[in-house]
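What the sequence shown shows, in the numbering used here, is residues 85 to 386, in sequence order.
To be clear, the hints were calculated from the coordinates, so they are not data collected in a lab.
Model, not experiment: these values are computed from the prediction.
A virtual CB, placed ideally from N, CA and C, is assigned to each residue, including glycine.
Don't take every hint at face value.
Said to hold, decoys possible - Per label pair, the in silico range of CB-to-CB distance: (1) 325 - 207: 37 to 45 Å; (2) 383 - 104: 14 to 22 Å; (3) 379 - 113: 29 to 37 Å; (4) 138 - 325: 20 to 28 Å; (5) 301 - 218: 19 to 27 Å; (6) 376 - 318: 28 to 36 Å; (7) 112 - 169: 17 to 25 Å.
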Amino acid sequence: MKATAEALPVTVPSEKSFFSLISDLVKARLTVLVLLTTLVGLYLGIQGPMDYLLMIHTLLGTGLVAGGASALNQLIERDHDALMPRTASRPLPSGRMTPEAVLVFGAVISSAGLVYLTLAVNPLTSFLGALTLMSYLFVYTPLKRVTTLNTVIGAIPGALPPLMGWTAARGQISGEGWALFAILFFWQLPHFLAIAWMYRDEYARAGYAMLPVVDPDGQRTSRQAVCHTLGLLPVSLFPFLFKMVGPVYCMGALILGFVFLGFAIAFAREMTRVRARQLFYASILYLPLLLGLMVLDKIKNY
């Protein structure tokens, strides 16, 4: 599938602040989500009082890697971003930055983040950061134009940050860290299916092989949205099974999970943009509430 449509004309404010430019380049909201999930993994992995210096080192290094990955992703996808109204105002398609500048910026800060994690945290966390960076840029990004499985594949690098937080605290990978990985993995699938359904015409214009693009009646999309949300229910209980959290979290996770599932079922019954948007917002609320429950109900291990 090739993008053959003409780039959209973009109207960009002539005086956008440097902060706003960098915020767009590093996808600030996505980076904040990465840092939030990393922080939860770190907090749950810490045995004893919170090590605030370790927290700063971990978040700084992870933030640099995440921001660099977002910048380099935009470099790779700049021609396709120009074809979609929701991405046409990004720094590269809008002409606010040159490809050369983005390449240098992304490469420097992501490399600096990996080196920083190695020196200030531990090599394992840095390795996971490198794995996230490489799989995001060189596996998921090109596959977005090749196969509808790109969403599942892309959920792997998207689920690694909490595991990075866990390894920052423990220095090793264990079942508890994989439990956090699994939650983020399953959560991403209905979240991104909702986005892809809302913007399927734009994805088709840009040549992306998203499932809703090749599934006009929505049967496969709705089935996957429900199945993945249903799968998230037992997966969300893994932290309780690993004795990372107590019964309050368990009860809250079940309530949140059934509410989230209800939105997925409503979307499956009525495949409209409105229902997709409701599912999207439900996913946005679900994750921080679930992570908040983990933090509040952590079983202390001093």
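So, going through the hints one by one against the coordinates:
Take residue 325 and residue 207: their Cβ atoms lie about 29 Å apart, and the range 37 to 45 Å is violated. The hint said 14 to 22 Å for the Cβ distance between residue 383 and residue 104, and at roughly 42 Å that hint is violated. Roughly 20 Å separates the CB atoms of residue 379 and residue 113, a value that falls outside the hinted 29 to 37 Å. Checked against the hint of 20 to 28 Å, the pair residue 138 and residue 325 passes, with Cβ atoms roughly 27 Å apart.
The hinted window of 19 to 27 Å between residue 301 and residue 218 is violated, with their beta carbons roughly 36 Å apart. Between residue 376 and residue 318, the C-beta spacing of about 20 Å breaks the proposed range 28 to 36 Å. Between residue 112 and residue 169 the Cβ separation comes to about 20 Å, which falls inside the hinted range of 17 to 25 Å.
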